[in-house]
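Model the full assembly from the supplied sequences, consistent with the hints where possible.
These protein sequences, in sequence, are chains A and B.
According to my numbering, the first sequence is numbered sequentially starting from 1.
According to my numbering, the second sequence is numbered sequentially starting from 268.
Be careful, since some hints might not be right.
Okay, derived cross-link-like pairs now, PhoX-like style, lysine-lysine, Cα gap no bigger than 20 Å in a straight line [to be verified]:
no.	chain 1	residue 1	chain 2	residue 2
1	A	Lys260	B	Lys312
2	A	Lys209	A	Lys247
3	A	Lys158	B	Lys303
4	B	Lys312	A	Lys247
Derived list of chain A stretches under chain B, where covered just means 3 residues or more per stretch with a C-beta under 8 Å from a C-beta of chain B [unchecked claim]:
no.	stretch
5	49 to 55
6	58 to 64
7	95 to 104
8	107 to 120
9	229 to 238
Bear in mind the hints are in silico, worked out from the structure with no lab data behind them.
Glycine included, each C-beta is placed from N, C-alpha and C at the ideal position.
Chain by chain, the residues run as shown.
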Amino acid sequence: MQKQSITQKLANPTRFMALSGTLLPWLAGIAVVLIVYGLYRGWTAPPDYQQGETIRIMYIHVPSAWLGMMGYALIAVSSFGLLVFRHPLADVSAKAAAPIGAAFTLLALITGSLWGKPMWGTYWVWDARLTSVLLLFFLYLGLIALRTSIEEETLASKLTAVLALVGVVILPFIKISVEGLSVPWLGLEIPAWNTLHQPSSVFRSDGPKIHASQLYPLLYSALGFTFLFFALHMKGMRNEILRRRVKALRIAEVDRAREKEAVAAAE
Amino acid sequence: MDLGPHAAFIVASYAIFTLVLVSLTAWLLFDGARQKRLLEDLEAKGARRRRSGETERTK
Numbered sequence: 001m002q003k004q005s006i007t008q009k010l011a012n013p014t015r016f017m018a019l020s021g022t023l024l025p026w027l028a029g030i031a032v033v034l035i036v037y038g039l040y041r042g043w044t045a046p047p048d049y050q051q052g053e054t055i056r057i058m059y060i061h062v063p064s065a066w067l068g069m070m071g072y073a074l075i076a077v078s079s080f081g082l083l084v085f086r087h088p089l090a091d092v093s094a095k096a097a098a099p100i101g102a103a104f105t106l107l108a109l110i111t112g113s114l115w116g117k118p119m120w121g122t123y124w125v126w127d128a129r130l131t132s133v134l135l136l137f138f139l140y141l142g143l144i145a146l147r148t149s150i151e152e153e154t155l156a157s158k159l160t161a162v163l164a165l166v167g168v169v170i171l172p173f174i175k176i177s178v179e180g181l182s183v184p185w186l187g188l189e190i191p192a193w194n195t196l197h198q199p200s201s202v203f204r205s206d207g208p209k210i211h212a213s214q215l216y217p218l219l220y221s222a223l224g225f226t227f228l229f230f231a232l233h234m235k236g237m238r239n240e241i242l243r244r245r246v247k248a249l250r251i252a253e254v255d256r257a258r259e260k261e262a263v264a265a266a267e
Numbered sequence: 268m269d270l271g272p273h274a275a276f277i278v279a280s281y282a283i284f285t286l287v288l289v290s291l292t293a294w295l296l297f298d299g300a301r302q303k304r305l306l307e308d309l310e311a312k313g314a315r316r317r318r319s320g321e322t323e324r325t326k
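Structure representation (structure tokens):
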């Protein structure tokens with residue numbers, strides 16, 4: 001018998017339900033521990049020498065922004081899995097990730113705005129970073145709206161997957177908007193846009209630019225919220241599998257009732 | 268803890284953040300419980316999935 005890969009094993013919804021049922025409490029538990037520890041360290045760290053106490057917003061704003069983008073990347077990979085490999089759980093994954101990614105993107109926008117007012121003097125500017133993240137949020141809403149507007153589930157999943165793959169271009173745009181892009185061997189030089197938003201302080205080629213007393217709480221908090229994202233995503237996938245089972249049972253029952261009626265009418 | 272002159276922005280950020288994530292979690296838990304209940308109700312009524320070839324046998 002041919003040995004199955006892990007994705008092939010997980011392609012079976014029943015097997016996925018059993019495995020996720022075991023994993024979910026662990027994911028949620030690890031998330032809570034890491035979030036509490038990260039935020040505790042963040043709130044007991046000394047205030048920033050420039051931003052003062054408002055630096056506390058960073059521990060929720062930065063993970064929200066990362067997870068908003070990661071959620072969309074997850075939808076794009078799942079959509080690719082649906083369109084190319086026809087993986088049975090790919091569409092379930094894409095559908096479950098959309099509201100969670102949208103929520104984190106919305107939180108990045110709101111907390112960023114509340115951080116921006118005391119630091120920049122304004123809640124909002126139409127610059128490249130803020131506008132591109134707003135577009136990401138609208139893309140999420142577009143995916144959710146498109147799926148709910150089409151009743152035929154297979155068609156809805158395929159069209160949503162195509163839109164998700166087209167929209168993935170927003171992710172490098174968000175990154176480039178603040179830092180620009182330089183690829184000398186390709187002769188590619190995209191300058192950073194004029195923006196109030198600061199460039200990345202953590203993932204830089206020359207190492208993190210923030211003090212360890214802020215960096216480690218941020219990393220713990222980000223890791224915790226990442227676990228939370230995957231716990232919520234797994235829960236969303238489980239719900240979607242149950243919803244599809246309920247739908248399949250209802251359709252089967254309606255079909256049987258119609259067939260019985262047809263047999264009775266023929267007799 | 269003194270949060271300084273911008274306390275309202277910090278508190279509002281955390282309050283909205285908590286509200287959104289708690290609402291999202293509650294919605295997922297509620298939806299899961301609802302789907303499970305619907306499935307159990309259908310199974311209790313004897314509903315079962317269609318197997319291949321079932322239509323032909325019925326006919």
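Evaluated hints:
| no. | hint | result |
| --- | --- | --- |
| 1 | A:Lys260 with B:Lys312 | 17 Å, holds |
| 2 | A:Lys209 with A:Lys247 | 52 Å, violated |
| 3 | A:Lys158 with B:Lys303 | 27 Å, violated |
| 4 | B:Lys312 with A:Lys247 | 15 Å, holds |
| 5 | 49 to 55 | holds (count 3) |
| 6 | 58 to 64 | holds (count 3) |
| 7 | 95 to 104 | holds (count 3) |
| 8 | 107 to 120 | holds (count 7) |
| 9 | 229 to 238 | holds (count 4) |
Checked against the numbered hints above, the structure violates hints 2 and 3; every other hint is satisfied.
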